[in-house]
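So you can see what is in the structure, the chains are spelled out below.
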Amino acid sequence: MQSSLGFPILSWLVFLPIIGMLLVLLVPVGKDERSREISHIIMRWITVGITFIQLVLAIVIYLNYNKTLPGVNNASTFQFVERATWIETNFPIIGHIKIEYFLGIDGLSVPMVLLTAIVCFVAVFPSFVIEKAVKGYFAMYLLLDTGMMGVFVALDFFLFYVFWELMLLPMYFLIGIWGGPRKEYAAIKFFIYTLVGSVFMLLVMIGLYYSVGSFSILDMMNPENFKPNSIFAGMHTTIRYVAFMALFIGFAIKVPSVPFHTWLPDAHVEAPTPISVILAGVLLKMGTYGMIRIAFPIFPDAVGYFQSLIAWVGMISIVYGALCALGQHRVGQRDFKKLIAYSSVSHMGYVVLGLASMRPEGVSGAIFQMFNHGTITSMLFMIVGVIYDRAHTRGLDEFGGLANKMPVYTGIMMVAFFAAIGLPGLSGFISEAMVFLGSFNTYPYLTIASGLGIILGAAYMLWALQKVFFGKLPDRWNKPWDPTGRKFPGDDLIAREYAALVPLALIIIYLGVYPNPMLSLMNTSVNYFVEFMKPYVLIGNFLSGM
Amino acid sequence: MSGVGLITIAILILLLPLVSFAANIFFGKKIGRASGILATSILGLVLILSTIVFYFKVFTNFTPTVIGSGNTLIEISNKILQIKFTWIDLQSVHFKVGIGIDNLAAIMLVVVALISFLVHLFSIEYMAGDPRFSRYFAYLGLFTFSMNGIVLANNFLFMYIFWELVGISSYLLIGFWYEKKSAADAGKKAFLVNRVGDLGFFIGIMILYFSYGTLLFDDIFGSIAQGKLPFDSESVLTLAGIFVFCGAIGKSAQFPLHVWLPDAMEGPTPVSALIHAATMVAAGVYLTARVYVMFTASALSFIASIGAITALLAATIALTQVDFKRVLAYSTVSQLGYMIMSLGVGAYTMGFFHLVTHAWFKAALFLASGSVIHAMHHAAHHLGDHHTDPQDIRNMGGLRRTMPWTYRTFLFVTLAISGVPLTSGFLSKDGILAGTLAYAQLTGGWHWLIPIAGFGAAGLTAFYMFRLLIISFHGTPKTEVANHTKENNWIILLPLFVLSILSLWFFYSPNPFDAHQGWFPKAIVQPKSVVPEETQWEFLLINGYNQEKSHGVAERVPHHYLNEFEEAMHHAHYPAMILSLIIAGSGILFAFLFYQFKILNPDTIVKQFPFLYNLSFRKWYFDEIYNATVVAGTVGLAKISALFDLKVIDGLVNGAAWLTRNFGYFVGYFDLYVIDGLVNLVANVTGFFGSMVRYLQTGRVQTYVAFGVFGLILLIYFLL
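Protein sequences, first through last, are from chains X and C.
Its first residue numbered 1, the first sequence is counted upward by one per residue in the numbering used here.
Its first residue numbered 1, the second sequence is counted upward by one per residue in the numbering used here.
For reference, chain X alone in the conformation it holds in the complex (with noise of 0.2 Å):
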């Protein structure tokens, strides 16, 4: 089926990895480091070049997205949509099998999409400096770009999950092979984690598909569709039960929420720095985007009967995060790269503490949080690779001073530390504050509680922030970075880092004075999920006695 632009333009926002990935791996690689330089550019502004022309289609699709459509669980209201038979045919024993192409888009999705296309170009100028198999790594890095697009645009479960596992296996190799000295433990930790979440998918997605008849994610909403007496058939029963929780595990470990979180901060301290900005700009988006997308919405009653407990995880990552955080000062190797993961964890817990909320504010503040917790971890991630690019540590013990060494650095640096303390004028803080304004009328002393997140938020990202930035500078500092003059010829930021730090930075003040650019995306979904959730939620609380 053709989209409304006259081109399948979602298949081309995926697939044009790909076809990147293919063109890196036909660029001939010479023995001579002269030619093998000269094929190593290529493939970098290859890279670039796919990366910029889906950034283009994505933003195509920002501009000719129409809000007032709703999408979520009605198919003929999304958008871009692409439908068609992929797989289908009878199998002894087990059946009839009918998997579809089916991909389209509405509110919840566009963000993510954008979020995706932005990070995805961002995070090329940071791998300018792998050196080590040059082919084989952008070609993982295009493939998990695929992977990623693919996830927020499909519509069919099986093709999520088809896409969910082609995002594992080239995130697997760019942190195992790439990645620093825990490199294998790391990439194995992310790698049986993540399989762990795919299981439980998988289990409740071969139960849905006999319940309903259908992959499409969109049939499964309807509780109408489920044949009599089949597995998930009515409502409340311990089974739907039973079937959410083992979706929300599954997508709160790739959230990550506390307590299925610990692989993140090893993934992020050995990952290099461009995939640390992929892992946290993107990839955790995609736990919260299964819960909305998928766990959510097909099991609403559910979601009304484990309301609470949604909302305390919510608090508890928020402000268990925020503590390992602070802690970081005095526990382990004081890495730059973990207090911001587990800061991420804090952040994160926001956005489930604001999806608990099942109010407008707190859908939109969650899913307005993705989009903020992906540009602005995104750009501390990439603050930690600049200096970890000239000093090759990031002892967070070793710095002082930078301010004055690299002050255009620390200048962009402070735009994104303040967004993430929740600085107003900045994006972070209109999401996190309605957040906390919807999650308030729904439950006021969680709510309460996830305040100190805000309290010790700031106060690990200060403490960070003087330890590098103020006092003075170590001598070992006080000499030119590099001194070949090759890589930075000045101490301050570079060209392409500034082409990496500065879209960034204006998208997190654009939005932080502006937010209805984004939000006007998402209102008609999110009002349309809410009240769509509405009647379940109600009797899910009932019946869990609140």
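In short, the hints are calculated from the structure, not lab data.
C-beta atoms are modelled at their ideal positions from N, C-alpha and C, and glycine is treated no differently.
Check before you lean on any hint, since a few could be wrong.
Claimed, not checked - Taking lysine-lysine pairs in the DSS-like style, the calculated list, with each CA pair at most 25 Å apart, reads: (1) X:K472 / C:K29; (2) X:K405 / C:K30; (3) C:K647 / X:K479; (4) C:K228 / C:K528; (5) C:K180 / X:K479; (6) X:K487 / X:K31; (7) C:K522 / C:K79; (8) C:K647 / X:K183; (9) X:K405 / C:K180.
To be verified - A few chain X positions that, by computed beta-carbon distances, are all more than 12 Å from chain C: (10) K227; (11) H236; (12) F440; (13) D491.
Since the structure of chain X is provided, determine the placement of chain C on it from the hints.
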């Protein structure tokens, strides 16, 4: 000037300092020293515009009109000129915001603009030669922008947003010399302590938003007036008020969150004058005045008590400090306590009046201290002396002769803060003390502690201010550095003169002994509370008085009291004045006896009461207590969490992995030895038999023939 015109000007006032910020951040390095002049000129323009707004808002009338509809609405009335528009639109939910100018805001705009302008001017000289000169002016611009935002906000959302933004400007300016660890620490401390108060503020906002679904002051107060209470409970309304007031506790450095302000003196001295004395710290008082109508009697009592405790506590600490700026910092805390106390007891007008008068003389005091420190610093630099602390008053003395003009202005504003007649400080302080007396009379019981604290603090203020003056300016120079100080140039002195002249009585009232005859009480009239009458103080209920008229100028009927409280306050006016004159006079007298004439020796007192001395000198051990409890507790909890994460949760994960792996090994070995063992056993047995049989396969023909014959015999045997 029309209301719409004034609103337009107000938007300019708000945005111009932001232009200054942006220009200095992006081009400051290029234009060098001109950045200071650029910023100062922009602020000069802001000052002119603010004065225009002030004049037309306070002294002219407006015909009530409403312009626009739907998303943007402009409302003009004598009470307030405001614009409201939808900022965040979620279709089902709208967040409306806007700016408004009432008399409170109009007066505050001038205070902010004038002090900010003078501090900009002062800083051109004071900060000359600083490597981050333009950055400094950028931050000042950011601060002025945020502060004007607070002043103009007509909703809680903007209030909170600009509240946080002044917090960050304060953070940046306190830590401006971030190479010094103490400065960076102080900035961080200020921000974090304020965040605690801000969390309370935000909880208050959440309660109100939950209850009323809007954040506009008008809408919220209107709903309360109609009897809609949060959670249908008067106590929640009280609680909401107290939560909102938490913001003021943080920003206005009230007990128990006052600890950040003295440390904030690590910032450049003009910053201390602008932010940490005159304007930003007064934002808490401004907020309290702004949302005054939603406080119940219980909330007001709470506010009055916090203010009284702060006023007295900080005054006792200021007695023994030896750092020039720290004495002033504690004096600021104490005076802010005064204002908060005044609002709490119901003397609304006087509380805000004190904010204004205090802003001038405290800014003057700080700029004078800046003048002294600048001179000391230069003298020390000149002498090549790097050990003498230019801020320690024990290193000063005799500055009266070397810096006569600084001395004169400092003396004059010291008189003002001590509450000596003919100064503005006398007018406002006297009004506050009369208010506390009236309050105690009308409420009785423990409430008498509030005027006692107020009068006590007044006496202590006079004492420590003159102690500061005498030790640093009188007598003989204690150090060579003090002896070599020189008077500063006019850029530094001009702001001092302007601010001290503004501390004369006649700007506010023709009668130097009664503020009520001036324009101020006509411009700022206590607003009518919106909370249910039974939760208000009965004596604050406004009887038979047309509230709408009060915002004009001429309507106020002479000798007609707003409420019972005002009447009592009027009667308490003369007793309070006499009492405060006696108390302040004795404070000054004792300061002279101790430090000028040395008839009394402070050291003997220190020796006699070491505990009291240490309590004061160590600031009541607040920092130590907080460090040992809250800070250590949080850091400890953070450490435990991080360890828990590393050892327990990750331990479980790794443990599970270990178990799985070892189970895998076990299965592997089982496979290898048991299952494969069985297979191999079968094979081995077969092999064994095979090998046995192999012996038969000798390869020799004789053996085969023998076997063949043997087989043939067996065959025959069985067949037969």
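Hints and how they fare:
no., hint, in the structure
1, X:K472 / C:K29, "holds, 22 Å"
2, X:K405 / C:K30, "holds, 18 Å"
3, C:K647 / X:K479, "violated, 39 Å"
4, C:K228 / C:K528, "holds, 17 Å"
5, C:K180 / X:K479, "holds, 21 Å"
6, X:K487 / X:K31, "holds, 23 Å"
7, C:K522 / C:K79, "holds, 13 Å"
8, C:K647 / X:K183, "holds, 20 Å"
9, X:K405 / C:K180, "holds, 16 Å"
10, K227, "holds, 35 Å"
11, H236, "holds, 27 Å"
12, F440, "violated, 4 Å"
13, D491, "holds, 15 Å"
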